[in-house]
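With the hints as a guide, dock the two chains, each given alone in a separate frame, to form the complex.
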Amino acid sequence: KAGVTQTPRYLIKTRGQQVTLSCSPISGHRSVSWYQQTPGQGLQFLFEYFSETQRNKGNFPGRFSGRQFSNSRSEMNVSTLELGDSALYLCASSFYVTNTEAFFGQGTRLTVV
Amino acid sequence: SQQGEEDPQALSIQEGENATMNCSYKTSINNLQWYRQNSGRGLVHLILIRSNEREKHSGRLRVTLDTSKKSSSLLITASRAADTASYFCATDAGLSFGGAQKLVFGQGTRLTINP
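Residue numbers (my numbering), protein chains in the order written: chain A, 1 to 113; chain B, 1001 to 1115.
Isolated chain B, as found in the complex (with noise of 0.2 Å):
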C-alpha cells in the first residue's frame, strides 16, 4: 500500500506559472524524496530533504518538509513546457546502516504545462 498520498492528482497551469504540489505521509521517516517520471520512463532523482531539514532548493526547486505534519511540498518555479511530467513523493524510513532502503512512493501528480 501506499504510505504518501499527493494533492492534487492532476495539475494544469500555463507556462511561467508556478506548481505546487504537496504530499502527505504517515510514518516517522528518514527522508524524503521528489522524483521525476516522463511517460512511463525512468524516475529522475530531483531533491532530497531530510528529516531534520526543514526547507531545500535546487535552482527552480523548493521543497519543504514539516515532519509534525508529516506533510512535503514540492514547488516549481516559472515552469516550463518540458517540466511536463509525473512527480512522486518517496519516503525513506529504513533503519539498517547503508544505502535507501524501502522507498514508499505516493501516487503521483500529473503536471501538464500548457505553452
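For reference, chain A alone in the conformation it holds in the complex (with noise of 0.2 Å):
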C-alpha cells in the first residue's frame, strides 16, 4: 500500500512569487491536512480537508489556502511568498473515521530566496 505522496520534494521561490503543492493520501483515506515546520515555530497546523470540505484552519494568512478533489488528493498554495514561507510542509492522512492515526508524506522543502 503506497504511502502518502508529496510533490514536488523541493523547490526554491522567489519573493513575491506563488507556489503549488501537492499530496496525494493513503488509498481509502479521505482526510488530509497540511503542517509546517521551521525551527523557531515548529510544527503548526495549517488546515485539513475532508470530503473536499475545509473542516478546520489553522492561524496562518489567507495567503496560504488550500483544496481537495473527489479522488482526495489535495494541493495548497500560498502565494506572494515572503522569506518567513521558507519551511518544510507536510501533509498527513487519515481514514474516514475518527480518532485514528495520521500518516504524514515526506514533506516539500520550500526555500524562499
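Derived by calculation from the structure, the hints in this document are not laboratory data.
Hints are supplied without guarantee of correctness; some may be wrong.
To give an idea of the interface, some chain A residues facing chain B are shown, with a C-beta separation under 7 Å as derived from the structure [stated by the list, open to error]:
| no. | residue |
| --- | --- |
| 1 | G42 |
| 2 | F45 |
| 3 | E48 |
Between beta-carbon pairs, the in silico distance windows are [to be verified]:
| no. | chain 1 | residue 1 | chain 2 | residue 2 | range |
| --- | --- | --- | --- | --- | --- |
| 4 | A | G58 | B | Q1014 | 37 to 43 Å |
| 5 | B | Q1014 | A | G84 | 36 to 42 Å |
| 6 | A | Q17 | B | N1018 | 44 to 50 Å |
| 7 | B | G1016 | A | S70 | 48 to 54 Å |
| 8 | B | K1069 | A | P8 | 38 to 44 Å |
| 9 | A | G58 | B | Q1009 | 20 to 26 Å |
| 10 | B | V1044 | A | K57 | 25 to 31 Å |
| 11 | A | G16 | B | N1038 | 31 to 37 Å |
| 12 | A | I12 | B | S1051 | 40 to 46 Å |
| 13 | A | T20 | B | K1069 | 40 to 46 Å |
| 14 | A | Q54 | B | Q1009 | 29 to 35 Å |
Only a predicted model underlies this, so the values are computations on that prediction, with no experimental measurement involved.
Glycine included, each C-beta is placed from N, C-alpha and C at the ideal position.
Printed below as a string of C-alpha cells:
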C-alpha cells in the first residue's frame, strides 16, 4: 500500500511568487491535513480537508490556501511568498473514522529567496 | 502555539540503554500520537493511544497516558543507533466525525544514541 506522496520534494522560489504543493493521500483516506515546520515555530497546523470541504484552519494569513479534489488529493497554495514562508510543508492523511492515526508524507522543502 | 511541552528537549544515551521522553498538554483530547522524524524528513507514526487507554506497547516502545495529569511518556527500550531522531507527541482534540482533525504538536525531544 503506497504511503502519502508529496510533490515536489524541494522547491526554490523568489519573494513575491506563488507556489502550489501537492499531496496524494493513502488510498481510502479521505481526511488530508497540512502542517508547516520551521525551526522557530515547530510544527504548526495549516488546514484540514475532508470530502472536499475545509473543516479546520490554523492561524495563518489568507495567503495560505488549499483545496481537496474528489479523489481526496489535495493542494495547498501560498501566494506572494515571503522569506518567512521557507519551511518544510508536511501533508498527513487519515482514514474517515474519528480517532485514527495520521500518516505523513516526506514533505516539501520550500526555500524562498 | 504549541499545546504540548516535551521534556527533555534533548537526550543523549548509550546504545542499549532505555530512553524516556515526556509530553504534557493542556486541553481534553481524543488521542495522543507519537512520531519520529529523522533529519528534517517526514514524520513516521509510532503509536496512537486513545484517551480511554492508559498504556500501550509496540515492539520496543511503551507509551503511557495519564489524562488526569494531561501527560504522556514514551519509553524506548534497548536503544539502537538507528533510534537517533527527534520524537514528537501530538494531540488530537477533534470534535467532528471522520479522520484526524487537527494535531497539535509539542516541540519535540532530540534523542541521540551513542554507539
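- Task: Could you tell me which of the numbered hints above are not met by this structure, giving the numbers in increasing order?
- Result: none
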